[in-house]
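A.B. asks: One line per chain: the protein sequences are B and L, in this order.
The numbering of the first sequence is numbering that gives the first Met the number 0, which starts it at 0 and goes up by one.
The numbering of the second sequence is numbering that gives the first Met the number 0, which starts it at 0 and goes up by one.
The hints are simulated quantities; they were obtained by calculation from the structure and are not laboratory data.
Please note that the accuracy of each hint is not assured.
No farther apart than 20 angstroms at their CA atoms in a straight line, the calculated lysine to any residue pairs in the SDA-like style are these [as the list claims (entries may be wrong)]: (1) B:K196 to L:V112; (2) B:K196 to L:N382; (3) B:K130 to L:D107; (4) L:K336 to B:K65; (5) L:K336 to B:G165; (6) B:K65 to B:D90; (7) L:K130 to B:V112; (8) L:K336 to B:V162; (9) L:K196 to L:K336.
Pulled from the structure, derived: some chain B residues nowhere near chain L, Cβ distances all over 12 angstroms [stated by the list, open to error]: (10) Q44; (11) L52; (12) F87; (13) G165; (14) E222; (15) G344; (16) S353; (17) R381.
The beta carbon of each residue, even a glycine, is placed where N, CA and C say it ideally should be.
Number of protein chains: 2
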Amino acid sequence: MNILVLGGDGYCGWPTALYLSQRGHNVAVVDNFSRRLWDHELGAQTLTPIRSLPERLRAWERLSGKAIKAFVGDVTNYTFLTDVATEFEPDVIVHFAEQRAAPYSMIDREHAVFTQMNNVVGTLNVLFAIKEIQPSCHLVKLGTMGEYGTPNIDIEEGFIRIVHNGREDLLPFPKQPGSFYHLSKVHDSHNIAFCCKIWGIRATDLNQGVVYGTVTHEIEQDETLINRFDYDEVFGTALNRFCAQAAVGHPLTVYGKGGQTRGFLDIRDTVRCIELACLNPPARGEYRVFNQFTEQFSVLQLAQMVQATGKKFGLNVSIEHLPDPRVEAEDHYYNAKHTKLVDLGLEPHLLSESLLDSLVNIAVRYQDRVDQSLFLPRVDWRNTRNDRKSNPTYAKATTAGERVSAD
Amino acid sequence: MNILVLGGDGYCGWPTALYLSQRGHNVAVVDNFSRRLWDHELGAQTLTPIRSLPERLRAWERLSGKAIKAFVGDVTNYTFLTDVATEFEPDVIVHFAEQRAAPYSMIDREHAVFTQMNNVVGTLNVLFAIKEIQPSCHLVKLGTMGEYGTPNIDIEEGFIRIVHNGREDLLPFPKQPGSFYHLSKVHDSHNIAFCCKIWGIRATDLNQGVVYGTVTHEIEQDETLINRFDYDEVFGTALNRFCAQAAVGHPLTVYGKGGQTRGFLDIRDTVRCIELACLNPPARGEYRVFNQFTEQFSVLQLAQMVQATGKKFGLNVSIEHLPDPRVEAEDHYYNAKHTKLVDLGLEPHLLSESLLDSLVNIAVRYQDRVDQSLFLPRVDWRNTRNDRKSNPTYAKATTAGERVSAD
Numbered sequence: 000m001n002i003l004v005l006g007g008d009g010y011c012g013w014p015t016a017l018y019l020s021q022r023g024h025n026v027a028v029v030d031n032f033s034r035r036l037w038d039h040e041l042g043a044q045t046l047t048p049i050r051s052l053p054e055r056l057r058a059w060e061r062l063s064g065k066a067i068k069a070f071v072g073d074v075t076n077y078t079f080l081t082d083v084a085t086e087f088e089p090d091v092i093v094h095f096a097e098q099r100a101a102p103y104s105m106i107d108r109e110h111a112v113f114t115q116m117n118n119v120v121g122t123l124n125v126l127f128a129i130k131e132i133q134p135s136c137h138l139v140k141l142g143t144m145g146e147y148g149t150p151n152i153d154i155e156e157g158f159i160r161i162v163h164n165g166r167e168d169l170l171p172f173p174k175q176p177g178s179f180y181h182l183s184k185v186h187d188s189h190n191i192a193f194c195c196k197i198w199g200i201r202a203t204d205l206n207q208g209v210v211y212g213t214v215t216h217e218i219e220q221d222e223t224l225i226n227r228f229d230y231d232e233v234f235g236t237a238l239n240r241f242c243a244q245a246a247v248g249h250p251l252t253v254y255g256k257g258g259q260t261r262g263f264l265d266i267r268d269t270v271r272c273i274e275l276a277c278l279n280p281p282a283r284g285e286y287r288v289f290n291q292f293t294e295q296f297s298v299l300q301l302a303q304m305v306q307a308t309g310k311k312f313g314l315n316v317s318i319e320h321l322p323d324p325r326v327e328a329e330d331h332y333y334n335a336k337h338t339k340l341v342d343l344g345l346e347p348h349l350l351s352e353s354l355l356d357s358l359v360n361i362a363v364r365y366q367d368r369v370d371q372s373l374f375l376p377r378v379d380w381r382n383t384r385n386d387r388k389s390n391p392t393y394a395k396a397t398t399a400g401e402r403v404s405a406d
Numbered sequence: 000m001n002i003l004v005l006g007g008d009g010y011c012g013w014p015t016a017l018y019l020s021q022r023g024h025n026v027a028v029v030d031n032f033s034r035r036l037w038d039h040e041l042g043a044q045t046l047t048p049i050r051s052l053p054e055r056l057r058a059w060e061r062l063s064g065k066a067i068k069a070f071v072g073d074v075t076n077y078t079f080l081t082d083v084a085t086e087f088e089p090d091v092i093v094h095f096a097e098q099r100a101a102p103y104s105m106i107d108r109e110h111a112v113f114t115q116m117n118n119v120v121g122t123l124n125v126l127f128a129i130k131e132i133q134p135s136c137h138l139v140k141l142g143t144m145g146e147y148g149t150p151n152i153d154i155e156e157g158f159i160r161i162v163h164n165g166r167e168d169l170l171p172f173p174k175q176p177g178s179f180y181h182l183s184k185v186h187d188s189h190n191i192a193f194c195c196k197i198w199g200i201r202a203t204d205l206n207q208g209v210v211y212g213t214v215t216h217e218i219e220q221d222e223t224l225i226n227r228f229d230y231d232e233v234f235g236t237a238l239n240r241f242c243a244q245a246a247v248g249h250p251l252t253v254y255g256k257g258g259q260t261r262g263f264l265d266i267r268d269t270v271r272c273i274e275l276a277c278l279n280p281p282a283r284g285e286y287r288v289f290n291q292f293t294e295q296f297s298v299l300q301l302a303q304m305v306q307a308t309g310k311k312f313g314l315n316v317s318i319e320h321l322p323d324p325r326v327e328a329e330d331h332y333y334n335a336k337h338t339k340l341v342d343l344g345l346e347p348h349l350l351s352e353s354l355l356d357s358l359v360n361i362a363v364r365y366q367d368r369v370d371q372s373l374f375l376p377r378v379d380w381r382n383t384r385n386d387r388k389s390n391p392t393y394a395k396a397t398t399a400g401e402r403v404s405a406d
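If we strip away everything but chain B, and leave its shape as in the complex, we get (with noise of 0.2 angstroms):
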């Protein structure tokens, strides 16, 4: 099968790569390296020494005899991926190309009008290159849990059935979206849903989970593989970053109360869920939601766990709970569906103490590269202006169960 993945470079694009290469597929990326941008725009870096995409392709080369080809350019430019999709000829698109950091869309009117705009426009191109140059490539898109926000009913995959004045009718499920990223990723699955509607596209909607962990099977065969680690306020999504807190002897930074409930998976189910997608494609013309994640958790209950981890390795771990930056129910009902990619055999790697044990030996082996500067949150949702470099409004944090957020 011909994989194409769209930001093959990145923190989820790079894994899946591999491991899809790995299982025997025909892969490409496609990547214009935006993602190594925004570190430098915002003076931060993964914490992992991550090599260049070319020595990455060699090395991958090397050890496993399986060549993945390259193209580097933007989605959002039309030309460019046309002539890749009629070079390459892609069964499947895997779409990971799209600015992913909720805080980095809320920096300022800029940013949030270019992550809804390159996100937006990279999905339409990416519609029309299918419908026009490959009609029957299914495109696996990654959305996000965040779309559904936290209503006080269950969460369904994509769709729930209403009964409502004696009709009945099965319908998308209500969005509620928390920030100018994850409101891009709504309106994403809204143009997608279209498009399968009008041109018979193939796609699937996978509303992921926050992921944790960094390393896979094909990653931890060789140190030039290696994956991003992001642990800053702007990319490093809650657990990676409460590990590298911990290993560095940083409070761990919950925002709030920090009864904030996700949905979370490790980065190895990440990999397998869009091979189990991209292996049982959807009919012409059907789009398709799976919720992929494994487990619910609150922040709190998180930095908990790491809190517990840090003191069998003998570091002091403690918990300061920050006013929230984010405008959301610090305590709210949660539970969200997702049986849909179990059912096509997803076996889950569950949240464990060795997996916890794993990512903060990763983060102490790095510790050297930590810029603590980067933990504390700059970017408050109630501010058009954010300035990085100085706020001073999340300098003192506050004390556990303080009531701090307006929500």
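Position chain L against the provided structure of chain B, taking the given hints into account.
C.D. replies: The following block gives chain L in isolation, referenced to the frame of chain B:
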């Protein structure tokens, strides 16, 4: 009340600006004349010979003694927009300044991307400008009934109470828009709701039905104030287009069976609804939705009404069923609520014989300006490249009742 009308030179924006001015509000308009430009692009023109904006405004001041200030520029230019907001200090921003034609958005990829970028960025800019310049300003935003699509349940006004697995919540009504244009309005709605939540903006989203008519009380006072009357397949809405077709002896072009049912309203009700929204603002932080239409009709019903009116004028009006260029259900359940504006005092102008007479009269008066080649649909939802100059698909009409759509 200072009311800034974005898109104040357009089909709905112009009569709205006049009405609000007549009612004693301090009105300014913003326009970049996109709508006039698209006429040039499409080789089309309004049936009525509209005057330039400066000429219109001079005539209005001469007649009414009231000045309407004009700001010429593009709302996607943030500097321009914030300069206007700083100078005019609006209490309300009425936002019509979007690309509003579904067929225009379906011409090709460039038009799809343009429509979504133009509309989404414009609205994001308006939201940021309100937050940064005039935070208590009320945003009155034009949405569309087309955001809902045609679900098999009653359509509520923006939100629906869902009971599911023993729990319940009031959630955004699921959206199933039917074109890249309608999708852009859905994207806007999600963006607006979010900004109300995080920034305390007050907003009214008016999900407007299909507007018919061209004359309001203000406009009929002087020929110089004459409003647009679009009859082409791209910008001409169903009833107006049928009247122009009847006037010149062209068959009424009904797409498919004509069972497509939508909400409609008289342009005199559009302007009144806008004022009702302005006079009754929501609380800070509230995002509310009104369904702005007064009656439901199927497209075939409208055609039959125009046919009957034509007979009175001695016109021989036939109805032809063309293959539906859109991907839509031609026969479906449709029952949309629309009580909130009536509760605020709207007294609807229901579609009457006299209104139909007046519309056909106007069409007859300007029949020399009709270009009949603009009647036939050339933008097919199923194609990604619609050459509007020569599309043979719709050259030949089919007989009524024939199954012509694959929907």
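A.B. asks: Each hint needs a verdict: does it hold in this structure or not?
C.D. replies: To see whether the hints hold, each was checked on the structure:
no.	hint	in the structure
1	B:K196 to L:V112	holds (18 angstroms)
2	B:K196 to L:N382	holds (13 angstroms)
3	B:K130 to L:D107	holds (12 angstroms)
4	L:K336 to B:K65	violated (59 angstroms)
5	L:K336 to B:G165	holds (15 angstroms)
6	B:K65 to B:D90	holds (18 angstroms)
7	L:K130 to B:V112	holds (15 angstroms)
8	L:K336 to B:V162	holds (16 angstroms)
9	L:K196 to L:K336	violated (25 angstroms)
10	Q44	holds (30 angstroms)
11	L52	holds (28 angstroms)
12	F87	holds (20 angstroms)
13	G165	violated (9 angstroms)
14	E222	holds (42 angstroms)
15	G344	holds (26 angstroms)
16	S353	holds (35 angstroms)
17	R381	violated (6 angstroms)
Comparing the model with each numbered hint stated earlier shows that hints 4, 9, 13, 17 do not hold.
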